[in-house]
Amino acid sequence: KNINEDLIQAIVENSLNPFLPNINKISKAKLQSKKTKTEQEQQKKFSNLNTCGEELGRQIALASEKGASSWLTSLPLKSCGFILSKQEFHDSIKIRYNIKLDGLSNDCACGNPNSIDHSLICKLGGYTSLRHNHLRDTLSNLLNVVCKDV
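Each residue of the sequence shown is one higher than the last, beginning at 1 in our numbering.
These are computed hints drawn from the structure, not numbers from a lab.
Please read these numbers as outputs of a predicted model, since none were measured by experiment.
Don't take every hint at face value.
Stated by the list, open to error - Below, computed lysine-lysine pairings styled on DSS-like, alpha-carbon distance capped at 25 Å:
{"id": "1", "residue 1": "Lys78", "residue 2": "Lys100"}
{"id": "2", "residue 1": "Lys44", "residue 2": "Lys86"}
{"id": "3", "residue 1": "Lys78", "residue 2": "Lys37"}
{"id": "4", "residue 1": "Lys78", "residue 2": "Lys34"}
{"id": "5", "residue 1": "Lys30", "residue 2": "Lys66"}
{"id": "6", "residue 1": "Lys35", "residue 2": "Lys45"}
{"id": "7", "residue 1": "Lys44", "residue 2": "Lys25"}
{"id": "8", "residue 1": "Lys34", "residue 2": "Lys45"}
{"id": "9", "residue 1": "Lys25", "residue 2": "Lys35"}
{"id": "10", "residue 1": "Lys34", "residue 2": "Lys44"}
{"id": "11", "residue 1": "Lys78", "residue 2": "Lys30"}
{"id": "12", "residue 1": "Lys37", "residue 2": "Lys25"}
{"id": "13", "residue 1": "Lys66", "residue 2": "Lys44"}
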């Protein structure tokens with residue numbers, strides 16, 4: 001309503017002269033309207049997340065972050081390592097939506113119940129070391145490409 005007040009006034013007066021100097025005011029009103037709408041959407045999102053439980057709410061929040069789905073739409077370039085086998089793709093989708101992976105044992109080697117979250121943080125299970133080594137190797141490969149003389 002605030003955005004259109006000056007335009008309505010200009011139409012009623014049958015003249016755009018009073019409307020033209022207020023374009024800056026209209027831009028500010030549009031920005032404020034967009035900001036208010038975004039805040040209302042965020043409040044609604046957080047209230048919905050609070051009603052679905054802590055673990056599910058966390059998963060939904062992570063899956064809805066900006067860029068969280070970019071791996072689904074990236075080009076499968078073999079030279080960049082963006083190729084997933086059928087099994088890797090299925091496992092990635094299951095991890096994303098917290099569906100139990102096929103072949104994952106019920107108990108971890110450390111004695112705790114096994115889950116996707118636990119397997120990614122347990123130092124005894126090995127996934128922590130695998131992630132570290134993969135990151136180390138990726139960084140090393142990138143540095144070899146950029147710093148050839150070092």
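Evaluated hints:
{"no.": "1", "hint": "Lys78 with Lys100", "result": "28 Å, violated"}
{"no.": "2", "hint": "Lys44 with Lys86", "result": "37 Å, violated"}
{"no.": "3", "hint": "Lys78 with Lys37", "result": "42 Å, violated"}
{"no.": "4", "hint": "Lys78 with Lys34", "result": "41 Å, violated"}
{"no.": "5", "hint": "Lys30 with Lys66", "result": "24 Å, holds"}
{"no.": "6", "hint": "Lys35 with Lys45", "result": "15 Å, holds"}
{"no.": "7", "hint": "Lys44 with Lys25", "result": "29 Å, violated"}
{"no.": "8", "hint": "Lys34 with Lys45", "result": "16 Å, holds"}
{"no.": "9", "hint": "Lys25 with Lys35", "result": "15 Å, holds"}
{"no.": "10", "hint": "Lys34 with Lys44", "result": "15 Å, holds"}
{"no.": "11", "hint": "Lys78 with Lys30", "result": "45 Å, violated"}
{"no.": "12", "hint": "Lys37 with Lys25", "result": "18 Å, holds"}
{"no.": "13", "hint": "Lys66 with Lys44", "result": "18 Å, holds"}
Violated hints for the displayed structure, listed by number in ascending order: 1, 2, 3, 4, 7, 11.
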